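Chains as they are written, first to last, in the working numbering: chain A, 869 to 1601; chain B, 678 to 859; chain C, 411 to 942; chain D, 8 to 104.
If you're looking for bench data, these hints aren't it; they were derived computationally from the structure.
None of the values given here were measured: they were computed from a predicted structure.
A portion of the hints provided could be inaccurate.
[As the list claims (entries may be wrong)] From the structure, some residues in chain D lie toward chain A, with a derived Cβ separation under 10 Å:
#1 24
#2 27
#3 28
#4 30
#5 31
#6 33
#7 68
#8 93
#9 96
#10 97
#11 99
For glycine and all other residues, C-beta sits at the position ideal for the given N, C-alpha and C.
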Amino acid sequence: MLIQSAASAGTNPLAGTAAGWMWAIPLLPLLGFLINGLVALTSAAHFGPADPTAASHAAHGDDDGAGHGDAHAAHASTRHRFAAVTSIVGPGVLVAAFLLAAAAFLAMRAVPDLSAPFVQRYFSWMPVGDLSVDVAFRLDQLSMVMVLVVTGVGMLIHIFSVGYMREDPGYPRYFAYLNLFVFFMLVLVLGANYPLLFIGWEGVGLCSYLLIGFWFSEKANADAGKKAFIVNRIGDFGFLIAMFLLFANYGTLDFSALQAQAGAFVFGGPLITAIALFFFLGCTGKSAQIPLYIWLPDAMAGPTPVSALIHAATMVTAGVYLIARSNFIFAAAPVAGLTVIVVGALTAFFAATIGLKQWDIKKVLAYSTVSQLGYMFVGVGAGAYVAGIFHLMTHAFFKALLFLGAGSVIHVMHEAYHHTHRHDDAQDMRNMGGLRKHMKVTWILMWIATLAISGIPPFSGFFSKDEILGTLFSRADGSTLAQAHWLGLPGTVVIYGAYALGLAAALLTAIYMTRLMLYTFHGPNRTGEQERAHLHEAPWVMTGPLVVLGILAAVGGWFNLPEIVTRALPLGPTGLLEHWLDPVVGAGTARVVGSGGEVAAGTEGLLIAVAVAIAVSGIAIAVTVLKPARLVPKAQASPEQGFERVLNNKYYVDEIYDAAVVRPTYDVSRNLLWRGIDTGLIDGLLVNGSAWLARLTGWIGSQFQSGQLGTYAWVLVLGVLLVLGAFHHSVLP
Amino acid sequence: MPDVPSLFYTFHFYLFGLVAMASAVVFVTRRSPVSAAMWLVVVMFSLAALYVMLDAQFIGVIQVLVYAGAIMVVFLFVIMLLNLGHPAELADARGLWWKLAAGAVGLGLVAELFTLVRGATAAPYTLPAGYAAQQVAAEGAIAPVAGPLFHEYLLAFEVTSVVLLAAIVGAVVLGKRRADAR
Amino acid sequence: MNEFLTSIGYMHWVLPMLLLVPTLGAAAIWLHGAPGGPPGDDDVASGTAGAPRLIALVTLAAEFVVSLGLWWAYDPAVAGWQAAFNVPWIPSWGIRFSLGIDGISLMMILLTTSIMVLAVLGGWTSIRRRTHAYYALLLILTAGMLGVFMSLDLFLFYVMWEVMLVPMYFIVGVWGGDRRLYASIKFFLYTMVGSLLMLVAIVYLGLAARSRLTGIPDFSYDAILATARVSHTAAFWLFGAFFLAFAVKVPMFPFHTWLPDAHVEAPTPGSVVLASIMLKLGTFGFIRLAVPLFPAVATNATVRAIVLTLAVIGIVYGALVSLVQPDFKKLVAYSSVSHLGFVMLGIFALTVQSVQGALMVMINHGISTGALFFLIGMIYERRHTRLIEDYGGIARVVPMFAAALTVVTFSSIGVPGTNGFIGEFLVLIGAFRTYPVYALIAATAVIFSAAYLLWAIQRILFNALDKKANFHIPDLNRRELALLIPLLAGIVWLGVYPEPVLRRMEPSAERFVQSVQTRAIAQNQAPAGGIE
Amino acid sequence: MLAESLFFSAVLFSIGVIGVLTRRNAIIVFMCVELMLNAVNLTFVAFARVYGAGGQVFVFLVMTVAAAEAAVGLAIIIALFRHRHTVDLQNINLLKG
């Protein structure tokens, strides 16, 4: 089935190099999925499930509500028969894929001035009339970065999972899903056209659904998975419409072919704006932006490595990738760009406020992810595609680290509870405290990530976040965005507003992250006497990946050092990522920048200083205001009051959606459509009504059949009269 | 027969017609079946007279023989057989409204029939006036009927015999007391 | 392969053979005779089901093998009907036994023959009473459905249309659930109302195409297409007659209410055949008869607006009503209303993409919904309930069933990479060119379909395993796996590599779109005379 | 005399109809029917004078049928009377399905 297209491959300098093997990069995880899936299914068929009564009991062991999803990892102790196969195949395919990706990367680097994308066409997927969609992969600088992030971080998380999930009875199933996810994610980033990207886009959503609901016996988990998928589908609706608009107007869905027509796009026209906005609707679903962010916090019901891989590092950043990939569209639609900026900035701020008052360690990180994704969208919306991708990359490092660190903490908490047979919430920070004594490595690594996300130099997050905010600031003057209007507001005002929101969000980020660290690792230990004895560092198979991620989170900024830094300090090359991505996004960026330019070095320095000051003050505020010593375990805690309570309940957005959208839909469907129209009107009135009418006419007719000759005679005579009368009228003059 | 009927002829024609109608009215208003039957016999006789006056002497004779003679006798025979005429049987007529409605229907029917017959005579097919009388004079009363009956309508005539046979068989079967009727 | 097929003259006898084989099978079952004992006896338990069941399976397997050759023998590059078979039937009325296929009917025939084999397997143990009659009817049903797909004579089409109606009536009415009589009569009456009108229209058309020399009517499809001249008004009413016949069968909103009842009450194979094949006969009728015969009416702006509105209402309405169904079978039945709405949207949007998409949805719905009904039947056989609330958490007990149901569900939702996506995507992308607003509304179904199906499978497969009756359900056995694996393979194959199917249908779909458009213009310009 | 005959015939026929409609005694109803037949016969005879003797043939046939009818009808009435001991039509509704 694999037919390499000689025409496109032959002309590209990458043909024949390791990059020519790029089809194998996604296929390896697919192979892993098949093997692990088969292991999961055959073992189930051969040995049957564990006694369902016992299993059911395990699932219901602790009924203290949501938030202890990871409970089952440690509860069930039946190790899987073929677990060894899975342990090798699961992470193994990822390692191989990463090595292949690295080889491809080296091959790409070896080619000087590589400008054309390397497209491999395998077979025709949907050839219908003038629509032609191929299964084809496109390797360019942007997808190379994404492939490296996906396989690299994915590999680390797979390795971590070997330790984290080893006791779970669904171990092969878990790896099957995870492998499948990586496959779809790679299809997403490698796909050479929108429909193929959409396969990956929905495929990762599917895997996300399966993995969020991995411990499906808990209704909350299954609910969360379903919610994620459905909310994502709302976004996918937008994605589909955008594709339809593209095809209806430009006749193709291929990236290269569309990009070639980019010059024909009417700049700022309604069509291109609509396309961009519909794509962005897709992004709000997949990347959890307002108004569709609600699924992501619930998605924490999945195993923690899943949260790290899918709901922090890779899948949720697909929207950012999509906009960067469609830069030629968004660059032509400044109103859409401003919309992206506004939504991104609002999300960044809004999610950060919720993050302030969450107690579940994973929920804090979830809202932090939503917030950070907002930053990325601010970046790509402002045409700073490089900055957006850069933040995507660094965020993948530090957020994966944070999640995996939290995973280690939860894992350890859980084991402790398991040993003492206590059923308590292993994810609530009020039950933790002072863990730094027991988990030194994790503690240090988590602090690195915290400083990175807060934007403290020289950690990676500082560089990427600063680049986003700095570029945004510079767009306020002279860029096409600044000249456009958004809902009547001048673009400049919108940009400054978004900048202010971004700074505010940065302050909040520093506060809630420090809060998380303080409550988890500092202050007195609140786990309880017995449990404390069982607290210890997680095994090396789990901390190993953490260390790698820690290093990346610390030095990730090196990939795209700003000029102002390299001029002062000889740290490394300037704007490595920017140069690398230039062939893909350079034109788009240039179009957005328009007549504007970079801000002056002095202003830039000032901006950096302000940003750092804000980050530092955020940490300082958190350290001074928050008193971990006063915290009591969850069981004894009193509920929050006032605005804290609103924050703790996430502004009641879920409840509002439920009352405004979900319930009315069900009610209308059930009472109006089904019982009203279907059973009542159509079946009741029309179908059974016509049957009733037939019976009525029959009944009336039957009443004449009295058997009384007299009646018959009357009817007959009246009939004769009528017929004669009619004859009389029609025939006789 | 002359073209313009004589006064004698006309007088008797109207007389028998009026007698027929009057007897018919009396017939339907009699309560007793026997007297009703007797009045019907009067109608039949009047009609027989009309037939004769209309140059259908043979039919007139048959009318007297078959209808007034045979059929009405059978009726009377059945009435006697069933011994009808008890007061309960005589409480036969229906209510006033019923009668009025029936009368209205009857009048309507007369009106409609009347307007219909006024519009109906297809001139091209009419025979010359007095042709029937001449035919009778030439061939006798029976030949003009027998000719068509045994030529054009032979099949119908033969089928009639089947009808009669069936009627006889049916009457016998129906009239027979069944063994289980008791 | 092609050489072999040519050497045995395959294309000359394949179509009559496809009708003959099931008829002979039915005759064989009849000759074999009914088992002694009262008709209500459990034939499976007493072992008397074996012979009819085996005959049916062997017959339908042979049928499938015979039909499979068409996959290679059919040449998409050749215009016109292929494998044509044409003999006089009732010469004095100009009725011929005329068969032939194009790319569209090719796929429908292959779908039918393959699903029928599985349908026998699906009812292997669940059909227990009067098995000989059941299998004989199933075989006649097969012949009837295939006959509809391959008829090139309108009268023959009508005959086949009724031939398939009767066995289905009995299958629902005799082997169905508790309310089977209500359901079967509703099904029968609904369908009859439409089909009788269609007969009137067919006779009218046959007379309109009668020979000028001999005055003998001509019912052949090509002749009617070429020579039948009817006035605009007559065309409008004739289209209406066909429309009603097919819209009931599709079923389009608001003619759909027989479907949930028939589906719920029908035995598993009955539901499968109903959903997978019989509903397609309605849309096939639109593609083959209603639209090409009256292009001017079908492309009339008002008519199109009405049909498309009904289609889109059906899409959204079916999805929303599915959302609140307590009975899984009913849920799937309403989801069929939604899916078939896509087909109608695709046909009447009249672009190559949308028509191809409609055809793909027909095939995909046959596979996915068929598989869903099989799965419901399997779990029903074990638990004797179709109510969603009676399950919960059974993925723990029956992992293979859960895996299969999940895959099929995602196919039905239309996740890319499964077959469901291809059809819906093509329909929408094609319809968006001509009717963007309708396509936009229809596209919301991607949200609703996910909502109702995921909610349903969550309540069946996931959540807590808290009902004792569900603790010891056995997982799929070998027969059931053998039945499901081809369907699952089809789901993935058509999702990833639909090109061979698309390629075979493309010329036919293109011809359909082009001829309808050009003939509509021609008819609108030159007013046709009425029937003389 | 044609018009007069037809007039007589119409009146007699209508009287017969009124009788059928108003009477409940089966035998009298039956006799009314006979009256209606006779009225029609008069029409036939009257027309036979104008159009030819074919009309008389029909009268002949009608009489035959009337005779047959009388035989069968009276037999039925006798059978009914034996069964129900009445000839009142209101009490007889055997035709009711």
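Check your understanding: Minimum Cβ distance from residue 30(D) to chain A below 10 Å?
Key -> holds (9 Å)
Check your understanding: Once the shortest beta carbon distance from residue 27(D) to chain A is found, is it less than 10 Å?
Key -> holds (5 Å)
Exercise for review: Could you check if residue 68(D) really has its C-beta closer than 10 Å to a C-beta on chain A?
Suggested key: violated (22 Å)
**Study point:** Interface hint for residue 97(D), Cβ within 10 Å of any Cβ on chain A
**Key:** Interface hint status for residue 97(D): holds (7 Å vs cutoff 10 Å).
Point to revise | Interface restraint verdict for residue 99(D) against chain A (beta-carbon cut-off 10 Å) | key: OK, holds: residue 99(D) within 10 Å of chain A, min 7 Å.
Point to revise | Per-residue hint verdict: residue 31(D), partner chain A, C-beta under 10 Å | key: holds (7 Å)
Practice item. Tell me if residue 28(D) is really an interface residue toward chain A, meaning its C-beta lies closer than 10 Å to one of theirs. Key: For residue 28(D), the interface hint holds, since the closest Cβ of chain A sits about 6 Å away, which is under 10 Å.
Practice item. Please verify that hint: residue 33(D), Cβ, nearest Cβ of chain A, below 10 Å or not. Key: Hint on residue 33(D): holds, closest Cβ of chain A at ~8 Å, below 10 Å.
**Study point:** Interface restraint verdict for residue 93(D) against chain A (beta-carbon cut-off 10 Å)
**Key:** violated (13 Å)
Check your understanding: Holds or violated: residue 96(D) as interface residue toward chain A, Cβ cutoff 10 Å?
Key -> holds (5 Å)
Exercise for review: With chain A as the partner, please determine if residue 24(D) meets the hint condition of a C-beta pair closer than 10 Å.
Suggested key: holds (6 Å)
Figure legend: structure checked against the earlier numbered hints; hints not met, in rising order: 7, 8.
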